[in-house]
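Engineer: If you read the protein sequences in the order shown, they are chains Z and H.
Note that my numbering has the first sequence beginning at 9, numbered continuously upward.
Note that my numbering has the second sequence beginning at 35, numbered continuously upward.
Don't read these hints as lab results, they were simulated from the structure.
A few of these clues could be false.
Said to hold, decoys possible - Straight-line distance between alpha carbons at most 25 Å, and here's what the computed BS3-like set of lysine-lysine pairs gives:
| no. | chain 1 | residue 1 | chain 2 | residue 2 |
| --- | --- | --- | --- | --- |
| 1 | H | Lys132 | Z | Lys318 |
| 2 | Z | Lys410 | H | Lys56 |
| 3 | H | Lys109 | Z | Lys318 |
| 4 | H | Lys110 | Z | Lys338 |
| 5 | H | Lys110 | H | Lys64 |
| 6 | H | Lys46 | Z | Lys338 |
| 7 | H | Lys46 | Z | Lys410 |
| 8 | H | Lys109 | Z | Lys322 |
| 9 | H | Lys150 | H | Lys117 |
| 10 | H | Lys117 | Z | Lys338 |
| 11 | H | Lys40 | Z | Lys24 |
| 12 | Z | Lys410 | H | Lys109 |
| 13 | Z | Lys410 | H | Lys110 |
| 14 | H | Lys109 | Z | Lys338 |
| 15 | Z | Lys410 | H | Lys104 |
| 16 | H | Lys117 | Z | Lys322 |
| 17 | H | Lys117 | Z | Lys410 |
| 18 | Z | Lys322 | H | Lys46 |
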Amino acid sequence: MIDLGLFREIFQSLNKNKLRTLLSGFTVAFAIMLFTILFGIANGFQNTFNNEFAGDANNSIFIYSGRTSKAVEGYQTGRRIQFDNPLYSEIKQEFSDDIEFITGRVYKNVTASFGNEKSNYSVRAVNPDHQFIEKSEIKDGRFINPLDIKNNTKNIVIGNLVVEDLFGEIDPIGKYLDLNKIKFKIVGVFVERTEGSDSNEARVIYMPISTAQKIYGNNDYIDQINLTYNPSLSEEEAIAFGNKIVDKIKEVFFVADNDQSAVRARNRARENQEITQFNGVLAILVLIIGMGTLVAGVVGISNIMIFIVKERTKEIGIRKALGAPPSSIKLIIVLESVFVTAISGYVGLLLGGAVLNSFDLEDYWITDPGVSTSLVIGATFTLILAGLIAAYVPANRAASIKPIVALRDE
Amino acid sequence: MLKINKLHKSYKMGDSSLHVLKGINLHVEKGEMVAIMGSSGSGKSTLLNIIGILDELDSGEYTLDGIEIKDLTEKKAAQYRNKFLGFVFQSFNLINFKNALENVALPLYYQGLKRKERQEKAMFHLEKVGLADWSTHLPNELSGGQKQRVAIARALAAEPKLLLADEPTGALDSATSQDIMQFLQQLNDEGKTILIVTHEEDISLMCKRIVRLKDGVIMEDKKIKQNRLI
Numbered sequence: 009m010i011d012l013g014l015f016r017e018i019f020q021s022l023n024k025n026k027l028r029t030l031l032s033g034f035t036v037a038f039a040i041m042l043f044t045i046l047f048g049i050a051n052g053f054q055n056t057f058n059n060e061f062a063g064d065a066n067n068s069i070f071i072y073s074g075r076t077s078k079a080v081e082g083y084q085t086g087r088r089i090q091f092d093n094p095l096y097s098e099i100k101q102e103f104s105d106d107i108e109f110i111t112g113r114v115y116k117n118v119t120a121s122f123g124n125e126k127s128n129y130s131v132r133a134v135n136p137d138h139q140f141i142e143k144s145e146i147k148d149g150r151f152i153n154p155l156d157i158k159n160n161t162k163n164i165v166i167g168n169l170v171v172e173d174l175f176g177e178i179d180p181i182g183k184y185l186d187l188n189k190i191k192f193k194i195v196g197v198f199v200e201r202t203e204g205s206d207s208n209e210a211r212v213i214y215m216p217i218s219t220a221q222k223i224y225g226n227n228d229y230i231d232q233i234n235l236t237y238n239p240s241l242s243e244e245e246a247i248a249f250g251n252k253i254v255d256k257i258k259e260v261f262f263v264a265d266n267d268q269s270a271v272r273a274r275n276r277a278r279e280n281q282e283i284t285q286f287n288g289v290l291a292i293l294v295l296i297i298g299m300g301t302l303v304a305g306v307v308g309i310s311n312i313m314i315f316i317v318k319e320r321t322k323e324i325g326i327r328k329a330l331g332a333p334p335s336s337i338k339l340i341i342v343l344e345s346v347f348v349t350a351i352s353g354y355v356g357l358l359l360g361g362a363v364l365n366s367f368d369l370e371d372y373w374i375t376d377p378g379v380s381t382s383l384v385i386g387a388t389f390t391l392i393l394a395g396l397i398a399a400y401v402p403a404n405r406a407a408s409i410k411p412i413v414a415l416r417d418e
Numbered sequence: 035m036l037k038i039n040k041l042h043k044s045y046k047m048g049d050s051s052l053h054v055l056k057g058i059n060l061h062v063e064k065g066e067m068v069a070i071m072g073s074s075g076s077g078k079s080t081l082l083n084i085i086g087i088l089d090e091l092d093s094g095e096y097t098l099d100g101i102e103i104k105d106l107t108e109k110k111a112a113q114y115r116n117k118f119l120g121f122v123f124q125s126f127n128l129i130n131f132k133n134a135l136e137n138v139a140l141p142l143y144y145q146g147l148k149r150k151e152r153q154e155k156a157m158f159h160l161e162k163v164g165l166a167d168w169s170t171h172l173p174n175e176l177s178g179g180q181k182q183r184v185a186i187a188r189a190l191a192a193e194p195k196l197l198l199a200d201e202p203t204g205a206l207d208s209a210t211s212q213d214i215m216q217f218l219q220q221l222n223d224e225g226k227t228i229l230i231v232t233h234e235e236d237i238s239l240m241c242k243r244i245v246r247l248k249d250g251v252i253m254e255d256k257k258i259k260q261n262r263l264i
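From just these sequences and the hints, can you work out the full model?
Structural biologist: Set out below in structure tokens:
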């Protein structure tokens, strides 16, 4: 029954009633536009969150030390907690099952000079695992390796902005860089994997942690312990695991259980969980609002289609008198409804996409709020379904019109 | 061609019921041109609607071209209307967003004909009513007489066995009315069976037989000498 003639009929009817078609399409177009914009904004939030933490592995735990805030077992408050190599080894050993990568960090600010160029940088002295925790990408050469640690080599790996600052066009690999009057050999250059992230990350100099401990203090102090947990851990397990490490450290240093400042951990699992929850709530909200507006659109179309059927009662009667079976009357209404719904839905989709693209929303925590292909495909089915639903009542009403009643209608 | 026996029809008006047709017996042979006369409320339009399968009878028998019209589904009724019957209405009932040719082609569309065939046939019938040059005009660009000619062309397009005209000249001035009636006579001469509902005496005199209805019964059924316009 679906042939070209039918579509010609529908186009003719739509074309001859432009205003009516436009009005009935408007509600759906508007609903879909709203939905697209909301969906895009929600997507944008999600992208922002993902970007915000993209610099670190998403299963990282950073453990910091500070001063005690609670007196315990004869110890005063304000006691400084200092991590060291034995603690690092102990953690590494005790939790080896749940640890993926682990490194200590020693911080030092240095003045670096190469030839006539000179600038201040922060040095992070680390273990080889650090590369995978910070997601640093080696551009040239290599990262710190276990031999560097073992032999306390004076090898360093520098960020690409350090190269830009000091070396310009010169290839820095194999060159010696002067850090606070001590010469270090450059063995690698890294870039930060995420674009637009804090450029300071690309102005860092990495050196073996053992070398830094020897040169800058001749001790075994560690400023910070960074690790990534076993990715197979669930978020709950990972959070528990982080707490376990903190408790362990507190025990070693005789810190009160409820002391929040002496030993602290930043656990990505916790952040992930919060983001997941937030995104979930946001997605549900958008879905409710989107579905609500879509339902309003469907009701609008249905309403207008009922009106159209009423308005076309006479025409339908004439068609029936001329031999139109009920099914063909139904089909006209259904196709018209689906057609109007789908077309105006796409207009809404395009408008929504245009609105999202035309504003720079980065300042409002919204990054790349694009419309995905899956959304477009999903929307197509939803719209066709919506059109069918919208046509249900009017089509049946049209089909049940008695030709005699219809012909009498003026 | 058409046999009606003991036809009864009543309409429900709230609690009471209005008995419109009270036992109609009517036989029409092929090639007849019958005028159904009566004042308003006599039941003539109801009778035409039942004959046109636009309405259903309550009791009695109705046979059209040897087929009993009874308890039809909507689909079947539509099919019979399309195949057997051509309608001409007082208010023309053209579809106003379709041009003359498309209006004439519409019943052919419901016969399932191909577009090209439809247009050829429709054009043929438009030529027959003398409106070939007006084929692309919309109804509101046509005069009353022209509209009724398009409507007649449309009624003829499906080549029906029976042409039903409900006050075909009711909305036309007398000169145009003559014109239309002359054309209907011509069609009848060609062998088409025509039933005309009218309340105008002079129109009825242009037919070959007059059936007078009053209060739902046939008062008079007589053959007359046709007032020829050709």
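Engineer: Tell me the hint numbers this structure goes against, listed in increasing order.
Structural biologist: Hints 6 and 11 are the ones this structure does not satisfy, whereas the remaining hints hold.
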